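J.: Sequence:
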Amino acid sequence: MSEKLEKLALKRDTIAIFYGIADNSVISGLYFLLDLYSGDINEFLRYYAHTINSLYQSGYVNLSEYILKIILEMDNFYIRKYADGEEIPVEITDCLINELKFFQELSELTPEDFLSEIEYDGFMPKWKNSSVDIVGSYLERLKLVHRYGYGQYAEYKMFIFKDSKIKPVKYPDTQRLDHLYGYQRERQAVIDNTLALLDGKPAQNVLLYGDAGTGKSSSVKAIVNEYADRGLRLIEITKEQLRDIPQIIDDISHNPLKFIIFIDDLTFTSGEDCFGSLKAMLEGSASARSDNIVIYATSNRRHLVKETFSEREGDDVHRNDTMQELISLSARFGLRVNFSRPDKKEFVRIAGELAKQKGLSFDEKDFELKAERFVMTSGNGRSPRTAKQFVNQLINEK
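The opening position of the sequence shown corresponds to residue 9 in the working numbering, with each subsequent residue numbered one higher.
Wrong hints could be hidden among the right ones.
[To be verified] Straight-line distance between alpha carbons at most 30 Å, and here's what the computed DSSO-like set of lysine-lysine pairs gives:
#1 Lys-352 to Lys-406
#2 Lys-373 to Lys-406
#3 Lys-178 to Lys-134
#4 Lys-378 to Lys-406
#5 Lys-89 to Lys-12
#6 Lys-15 to Lys-136
#7 Lys-151 to Lys-173
#8 Lys-175 to Lys-209
#9 Lys-352 to Lys-366
#10 Lys-175 to Lys-77
#11 Lys-373 to Lys-396
#12 Lys-378 to Lys-366
#13 Lys-396 to Lys-378
#14 Lys-77 to Lys-12
#15 Lys-89 to Lys-109
#16 Lys-151 to Lys-89
[Claimed, not checked] Here are the in silico distance ranges between beta carbons for each label pair:
#17 Ala-204 to Glu-120: 53 to 61 Å
#18 Gln-160 to Lys-366: 33 to 41 Å
#19 Asp-83 to Ile-105: 17 to 25 Å
I should point out that these hints are in silico values taken from the structure, not numbers from a laboratory. Computed from a prediction, not measured in an experiment: that's the story for all the values here. We treat Cβ as the ideally placed atom computed from N, Cα and C, and that holds for glycine.
Generate coordinates for the entire structure from the input sequences, incorporating the hints supplied.
T.: Given below as structure tokens:
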């Protein structure tokens, strides 16, 4: 083994803060190559190809840039302590700097460092290298941890709760605010509240209610896409997962980022009792309060409750108490925004903006007639969703 690789192998064995990085397939592959360099050539070539495969599958060819990305996004105890504002002993900071210097050296390894002395003249896949400053970049990232986060929250911006864990949505909705038309006043109220959250000011929990297809859910996700680079993240849960809100809050309450816990299409019936955790969160109980978290919910019903006439006629006192508690739940949202169906003029305007966005040219009077005919034949009523369906039909007819 060359002296350079031998020294790197020794330094690798002293890694403490970034110990968990060995779980990464590219890094672990490089670690194995440091050990196998002077061993069996066939085993070495297999691990070399496996490491290259992992790098390519990650979407990278440049090893230096890939290692920088992994280092900047990794969750470790140092960045957690830093984000919490804890005092960190100088010994741990010295350890951090020395480990970052090791990864700097690792990022500078070229294929020739491994291949120059082995007796093999066949084709070998290669990677690229570039000049990166891992130490400087990491120290700068620490200063901006409230914007970029760490771990999965640095890599992704939308999440779901599954199997008792917060998991990333790898292919999220990419809707942006400039893709949405109509409801500017309603949407701005939600935007202003979100900006208050990002600025560290008191922010309200928000209920977006109203007719189906009016863009309530799209507005929330577009806002997250718009302000993700300022440290905004979204965790979507189902109504059945309301009981898990305390666990979710425990997981993210000390995170430097800001979170929207999002519940789409929220409606209760009188027999359900899963709203207790939501009520505690909305009321700001000691177990549910956190300055970096708000709840945004959408519903087609202003009072979040689906009530039948038979329930109204019942004489069960406890059932009535439950109904009253459910009906009053919406009042616990500090901000309630109504997305009602647009009138004919507004519907045509929204459809026209969507058509222009798609590059369609049209006669306004003819367009208006076709739009109204589409509303009548589709039976869906006027809404931005219907407008989008109408424009898609026009595109298909061309």
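J.: Each of the hints needs a verdict: does it hold here or not?
T.: For each hint, the structure was consulted:
The straight-line distance between the Cα atoms of Lys-352 and Lys-406 is roughly 25 Å, inside the 30 Å bound, and the hint therefore holds. Distance hint between Lys-373 and Lys-406 is fulfilled; the C-alpha atoms sit about 18 Å from each other, no more than 30 Å. Simply put, Lys-178 and Lys-134 have alpha-carbon atoms about 28 Å apart, close enough for the 30 Å limit, and the pair holds. Simply put, Lys-378 and Lys-406 have alpha-carbon atoms about 14 Å apart, close enough for the 30 Å limit, and the pair holds.
Taking the CA atoms of Lys-89 and Lys-12, the gap is about 34 Å. The hint is violated against a cut of 30 Å. A distance of roughly 22 Å separates the Cα atoms of Lys-15 and Lys-136; the hinted pair therefore holds under the 30 Å criterion. Of the pairs offered as hints, the one joining Lys-151 and Lys-173 holds, with about 28 Å between alpha carbons and a cut-off of 30 Å not exceeded. Only pairs whose Cα atoms come within 30 Å are accepted, and Lys-175 paired with Lys-209 is accepted, the gap being roughly 28 Å.
Only pairs whose Cα atoms come within 30 Å are accepted, and Lys-352 paired with Lys-366 is accepted, the gap being roughly 21 Å. Only pairs whose Cα atoms come within 30 Å are accepted, and Lys-175 paired with Lys-77 is accepted, the gap being roughly 20 Å. Our distance criterion of 30 Å between C-alpha atoms is met by Lys-373 and Lys-396, whose separation comes to about 19 Å. With a C-alpha separation of about 17 Å, the suggested pair Lys-378 and Lys-366 falls inside the 30 Å cut-off, and the hint holds.
As the CA atoms of Lys-396 and Lys-378 are separated by approximately 13 Å, the hinted pair is consistent with the 30 Å bound. The suggested pairing of Lys-77 with Lys-12 holds, with an alpha-carbon distance near 24 Å, which does not exceed 30 Å. A threshold of 30 Å between alpha carbons decides the hint, and for Lys-89 with Lys-109 the separation of about 21 Å falls inside it, so the pair holds. At most 30 Å may separate the alpha-carbon atoms for a hinted pair to count; Lys-151 and Lys-89 meet this at roughly 13 Å.
For the pair Ala-204 and Glu-120, the supplied restraint of 53 to 61 Å holds, since their beta-carbon distance comes to about 54 Å. Look at Gln-160 against Lys-366: about 35 Å separates their beta carbons, and that is inside 33 to 41 Å. Take Asp-83 and Ile-105: their Cβ atoms lie about 19 Å apart, and the range 17 to 25 Å holds.
Checked against the numbered hints above, the structure violates only hint 5.
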